[in-house]
Every structure is written in structure tokens, then in C-alpha cells.
Amino acid sequence: MSEQDIQTRVMQALKTVNDPDLHKNIVDLGFVKNMKIDGGNVSFDVELTTPACPVKEQLKNECQEKVSALEGVNSVTVNMTAAVRATEHTQPVLTTVKNIIAVASGKGGVGKSTVTTNLACALALTGAKVGVMDGDIYGPSIPKMLGIPISPPRGGENNKIFPHEKHGMKVISAGFLTEEGQPLMLRGPMLGGIIQQFLQNVEWGELDYLVIDLPPGTGDVQLTLTQRAPLSGGVIVTTPQDISLIDAEKGVKMFQQVKVPVLGVVENMSWFQTEESDKKYFIFGQGGGQKLANQFNVPLLGQVPIIPKIVEAGDSGQPITLTDPDSPAGLAYRKLAEQVAAQISINQFNKEDKIDSGFELAWEG
Amino acid sequence: MENKEPTPVEQRYQEKKELRQDQENAPAPSKVRQIDGQTLGITWTDGVDSTYQVRMLRESCPCAHCIDEWSGEKRIKPGDIPESIRPLKIKAVGLYALQFDWNDGHSTGIYPHALLRKLDGKPPLEIP
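Protein sequences appear in the order of chains L and P.
Each residue of the first sequence is one higher than the one before, starting from 0 at the first, in numbering that gives the first Met the number 0.
Each residue of the second sequence is one higher than the one before, starting from 0 at the first, in numbering that gives the first Met the number 0.
Chain P extracted, bound-state conformation (with noise of 0.2 Å):
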């Protein structure tokens, strides 16, 4: 049989999968701290310390506006994202995510907490 690239659809179709069954057993922040001006600190429940750049959080933002619930694709483009983008404040959604409302005036992004483990040690994005 041919092996076929998946689609948009069917990779985020997996990945969504994968997602759902990371969360179940997903490790919790036990400390969210900034670490200077554009990076993130968490320290997680199992003794994991990740650090992310804030632009990437925001370039990865999981909800229906950055990423087209039908087809997958992201709607955010290289170099949409300014080197400026910073959180304005971070916040728990529940027992399971956290939330963040940025300067650019974006705010519906609910990361879950294996969501944000699978961020760490995503590159930081080039400056444009």
C-alpha cells in the first residue's frame, strides 16, 4: 500500500488524540513564574522545570481563531506574531489549564497542562 502523507485533517486528528490521552495522566504546575521579559517558567508536580519564550506560547495558541477547528490549518503565519507579543497576565482555567490574555488583545487560548508539556523546549521563534 502507498504510504501517504496525512492530511491536515488526519494530523490533527492525531494529534488531538495524543493530546486527550497525555492530559489524563498529565503532570500540574505546582509553581508559574516569569523568568524576565519574554520568558515563562513552570515547574511541574514530577520536579520538571520548563521554560518557554512567550511568543511561541502565543504562536501555539490551540483555539478556534489560531487553528481551524475543520481542516487543521493554522491560521497564524510566520512573522504574524510580533517580537513585542507579551502575556498581560496569566491565569488557572479550572484543575486542568491555564489561560492567558496577551497585549495583542487575545485571550480565548486554554492551554491544557499536557499541551504545555508538550511546548517544552519548542524552539523560540526567529525574529522576523
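Chain L on its own, in the form it takes in the complex (with noise of 0.2 Å):
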């Protein structure tokens, strides 16, 4: 058989193969590359969307298997790729960042920082390039989850603004601007001029994935940056109580009213388990998250135990998805991860209205 009639089988065998999320088979969704035929061993990439794709191992397990059934084929070697791809627009801020992930609750003390950070790191530890934007101002918690000291961060030409960088990852939080321990006392318009700052001068670099925290409530830091910021998603923490779920639906009400796709709901604190057993202890009720999710038809994306490691690893500056990944958190988070990455990947791929965000009509006449 010929290296010519090879190929063909290959791809043949590889157009069976589906990506579970898309729909599509991956020759047809492009990410079959560099294939190379040598006698009768076969190599291949599959370069998937993210390098957080939650699929990763089964797709890459399928193509070996299907391929390697094939006659005439002595060995495939299948490598796994991924080139983010980034949510379009055309607005004239953030354009080397290729997706912004707002994380958002109505309610205050559901752990939106810890999710923030956490989600970050996982992001980061699959590979992506990854930048961390403290939207509290008034009470930014980033710089100290991340262990990153309060030091004014260094400044450029034409009041370009260069991030903290920590575990790979830049950094630009509101904490970075006064002295350590100081509040800072602002007025409501001020927030949107430090926002815009944020989004028009840091010096970012090329990012797979900005991650967004933003304050509780529905005020001017939100209202800002969905006017400004071309968000590719958001993402809704609450805890599984009622009341917490209450604002947690304005959080999403919230995304709906401005169009932001609402990427899902992170259900924090779903239970409380010890390091001795596995048992969990549902503290604060069960089900909340998954019922808000019914609600408004959107994806669980994830359910996070709350485990005294986390509380430590917070404090300390070094996140528990970096220190313990292993761990019930660090798993959920890394689990977190994929799903945000899978979403972001989904809608890219289902959006057939594109709305034209950096929109501009000077009328004549």
C-alpha cells in the first residue's frame, strides 16, 4: 500500500472521530496537522482549541486506537496541540488578550477571589497564557491570594502600566496602587476611570485568558466593563443557600440585560470535607447551585468543596490548585478549568450573529 493510500485511510479513520463538545468530527473542525507517513508509522497533531480541553486524553485515545486498527499502519504517534483561539471583536481594547472571563455574584463572601484565583492557576497549569485583572477595587483580595507584595507596578511610555507577574501568571489589582493596609476612598466615577485604566494601559502581552474579578453587587465596576471590555463570558459563584442564591441571579440577570454570554454557574463551598476522610458534610445545603443553572439553562460548571487547605493556601499567597492539585479542591478546579475553556470553545463555535461591538457611524450632513 502506498504512503498516498495510507493517508487517506487515516483521515477516513480520523472523520469518525468527534469532538464530544462541538459536534463536528476533528478532521472537518481543522485540527488534524502535520500529518506525516513514514513506511507504516504514522504521526499526527491534534490541535485542540485549548489546552484545557476536558476531552483531551479520550480524543487523543480514539485516534490512536482508530488509527492503529488500520492495515498497514505499524505505529501512531498522535500529539496534542492547542492554539486558543480568541472570542472576535473589534473594539479597540485588550486586542492582544484572545478571551476575557468575567467572574461575577450578586453577593459578597461567596469566595469569588479564591474561585478567581484558582480558576486562573488551572488555566495556567494546562499551558495557557494567562493574566489575572483585581476588578474590586475597594477591596481587592488577589495580590494576597497570589502572594504578590503591595509595590506600585512599574510604569512605561504614554502611561502604559506594566502587570505583577506571579506563578506565570500577569497581575493588575486596584491593592497594587495604595500603601499596604491603606483604603482607598473613591467615588463612584473614579471606579470607572481606574477600570478603564486597567483595560486601556496595562501592557498585558499576548493572553489566552484574561480572568476578571469582579466586585459583588451590579454597580459601576460591572456597568464599565461591559461596556468597554469585550467579555467573552461570565461566570456566576454562589454558594448552595438560598439567599445567596437570590443575588446570585441578579449576577446573571445582570450578563443577560447586557448580552454577555453567561459561560455558567461555579457552585462554591458545596460541601466540607476533612483530609482524613472522605465523607461531606453539606453545611450549607445542597443542590443551589445546580437549581440556579435549571434556571436560567445554563451549565453547572463546577462544585467546590470547601477544605481548611484552601482557607491556608489563600492566605499564604500560594493557591491550592498550585500546591495541591490533587487535592478534592485542586481537582475541582482543574475540572473548573476545562469546563470554562470548553465553554468559551462552544460558543465561539455556535455563534452564528456576530454583534459588531467597536461599532462607529458618523452620520453626514
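Hints listed in this document are in silico derivations from the structure and should not be mistaken for laboratory results.
There may be inaccurate statements among the hints.
Said to hold, decoys possible - To give an idea of the interface, some chain L residues facing chain P are shown, with a C-beta separation under 7 Å as derived from the structure:
1. Met0
2. Gln3
3. Thr7
4. Met10
5. Gln11
6. Gln256
7. Phe295
8. Phe358
9. Glu359
10. Gly364
Stated by the list, open to error - Counterexamples of contact, computed for chain P against chain L with all Cβ distances above 12 Å:
11. Glu4
12. His64
13. Gly71
14. Ile75
15. Asp79
16. Pro86
17. Gly104
18. Leu118
We treat Cβ as the ideally placed atom computed from N, Cα and C, and that holds for glycine.
Both chains are given apart, each in its own frame, so use the hints to dock them into the complex.
Shown next as C-alpha cells:
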């Protein structure tokens, strides 16, 4: 059999491998690249839309099995790669950032900053280039949670600001703008100004994902961001209890009103668990996150248990996803990152109507 | 029970509620264009073509300067908007609205897509 014949057969076999999220085969999706046939030895790349793909191993195994089974094939090397696609937009800000994820909650104290920090770390663990923007101007907690000492960010020409770097991620926070422990006392319009600076003046460089920690509620910062930043989607954090759900609902509705796609719901503090045992204590009740997700017909992206290590990790600036990725919380965050990345990819493929968010028309006459 | 006319506050509340519900599923503009000196055209993602007299749009400004947030009372009186009113620039606000810079210096009105859909077919203002 000629190498040409083998290649044709391999491509035919790969056409039966479907991406379960995008509902298309990997050949038509354009994922198969660099096919090399050397006698009976076949090698090729499968380029996914995110390194955090939740079905990476599954796809790799399926490719391996289906191609190995072909006549004339002796060995198969499947190389899984990823090129993160950008959410298309025409707004003149954050042009080097491919996808922007806003983490919101209606209510304070549900662990939004902890989720943001660990979601960002989990995305970075997969090899993605990640940035974190702390949008909580009055109560910035990201510097502490990532263990970044308070110091002003380096400035450059044209009012450029260089973000701090930690754990391989770029980080900006209003916490860096004041002395440690000092409150930032500002009226509403100034908040918009700071966010505008974060959007326009920060030198993020190339990023696959920028994760934004929103302050609680539905105020100035949320509005400025939804009006000026080309958000790929919003994630809503809630705890399982009803009182938290009431406000989380408002968070979802806020995104709906401004037409930012809701990627899904994260249920935090889903249960308590000790290190010694697998027994789960549902201290805040059960099923709240699922209920919210069902109500708005969006996915429940993940459930994160509360374990003592999360608190220690947050306070010491060493997020649990990095220090203990196989702990129940570390696992939950890694799964969450996969689900978030998958939802963004799904939205990019399904988006039929492109809304031109950078549209401007000058009237004549 | 006596059937009372809704007060302006109640009316405004009801209008806001309807607009909020519409906004969630509102189609988006796929094309916004100037048809002539006084007419704006919007083609929507659901294929609908709308035309608007720009003076009517200025008069329908939903901002807090133009509609009292508490009473729902319209602060623009008939004849307030001159015939010479024109937009200078129209731009997108995020993924959900359009904003107009007008030649009378006004620019605080943000028109959500659902509002623009609702204003489709509203008759042009009488010339004062």
C-alpha cells in the first residue's frame, strides 16, 4: 500500500472521531495537522482550541485506537497541541488578549476571589497564558491570595502600566495603587476611570485568558466593564444556600441584560470535607448551584468543596490548585477550568450572529 | 374594584419591566446605516429592517436627564427638539445597546437593542 493510500485511510478514520462538545469530527474542524507517514509509521498533531480541553485524553485514545487498527499501519504517534482561539471583537482595547472571563456574584463573601485565583491558576497549569485583573477596587484580595507584595506597578511611556507577574501569570490590582493596609477611598466615577486604565494602559502582552474578579453586586465596575471590555463570557459564583441564590440570580440577569454570554454557574463551598475522610458535610444545603443553572438553562461548571487547606493556601499566597492540585478542591478547580474553556470554545463555534461591539458611524450632512 | 389609570410611576415601572424582558431575547443590529439626512436604518439579526426618524430618536432618549427616574415624567416637552437635530456619531455600547452623540451636545442616552426595536414604527415627530 502506498503512503498516499495510508494517508487517505488515516484521514477517513479520523473523520469518525467527533469532538463531543463541538459536535463535529476533528478533520472537518481542522484539528488534524502535520500528518507524516513513514512506511507504516504514522504521526500527526491534533490541535485543540484550548489546552484545558476536558476531553483531550479521550480524543487522543480514540485517534490512537482507530488509526492503529488500520491495515498497513505499524505505529501511531498522536501529538496533542492547542491553539486558543480568540473571541472576535472590534473594540480597540485588550487586542492582545484572546478571551476575557468575568467572574461575578450578586453577593459578597461567596468566595469569588478564591474562585478567580484558582480558576486562573488551573488554566495556567494547562499551559495557557493567563492574566488576572482584580476588579474589586475597594476590597482587592488578589494580591494577597497570589502572594504578591504590595508595590506600585512599573510604568512606561504613554502611561503604560506593566502588570506584576506571579506563578507564571500577569496580575493587576487596585491593591497595588495604595500603601498596604490603606483604604482606597473613591467616588463612583473614579472607579470607572481605574477600570478604564486597566483596560487601556496595562501591557498584558499575549494572553489566552484574562480572568477578571468583579466586585460583588451590579454597580459601576460591572457596567464599565460590560460597556468597554469585549467580554467572552461571565461566570457566576454562588454558595448552595437560598440567600446566596437570590443575589446570584441578579448576577445572571445583569449579564443577560447587557448580552454577555453566561458561561455557567460555579457552586462554591458545596460541602465541607476533612483531610482524613471522604465524608462530605453539606453545611450550606445541597443543589443550589444546579437549581440556578437549571433556572437559566446554563451549565453548572463545577462544585468546589470547602477544605481547611483552601483557606491556608489563600492566606499564604500559594493557591491550592498549585500547591495541592490533587486535593478535592484542586481537582474541582482543574475540572472547572476545563469546563470554562470548553464553554468558551463552544460559544465561538455556535455564534452565528456577530455583534460588532466596536461599531461607530459618523453621520453625514 | 375601580379601574384606575396607572400613575406615571406605575407606567414607567411597567415599561421598564417589559423592556427588561424584551432585552434578554432581543435581536441585535447586524447593520446600522444612514439612509438620508434625517433617517437611520437598522437591519436586525432576525432579518427585520427598521427605519427611524432621528428627531424621534432624540425625543425618545431614555436617559435620566430626559426622563425623571422617580416620577417617570418626560422632561422633553413637545417642540423642545429642533428640526435641525442630527446625530454626529452613533456607536455600539458593549454587546447590548447603541449610544448617540447629538448635535445639541446631548450624549448620555444609551439605547438598549430592545428599546430600539420598540421604537421601530413610532411615527416621526410633527414639525413644530
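Problem set entry | Unsatisfied constraints (hint numbers, rising) | Of the numbered hints, 1, 2, 3, 4, 5, 7 and 16 do not hold.
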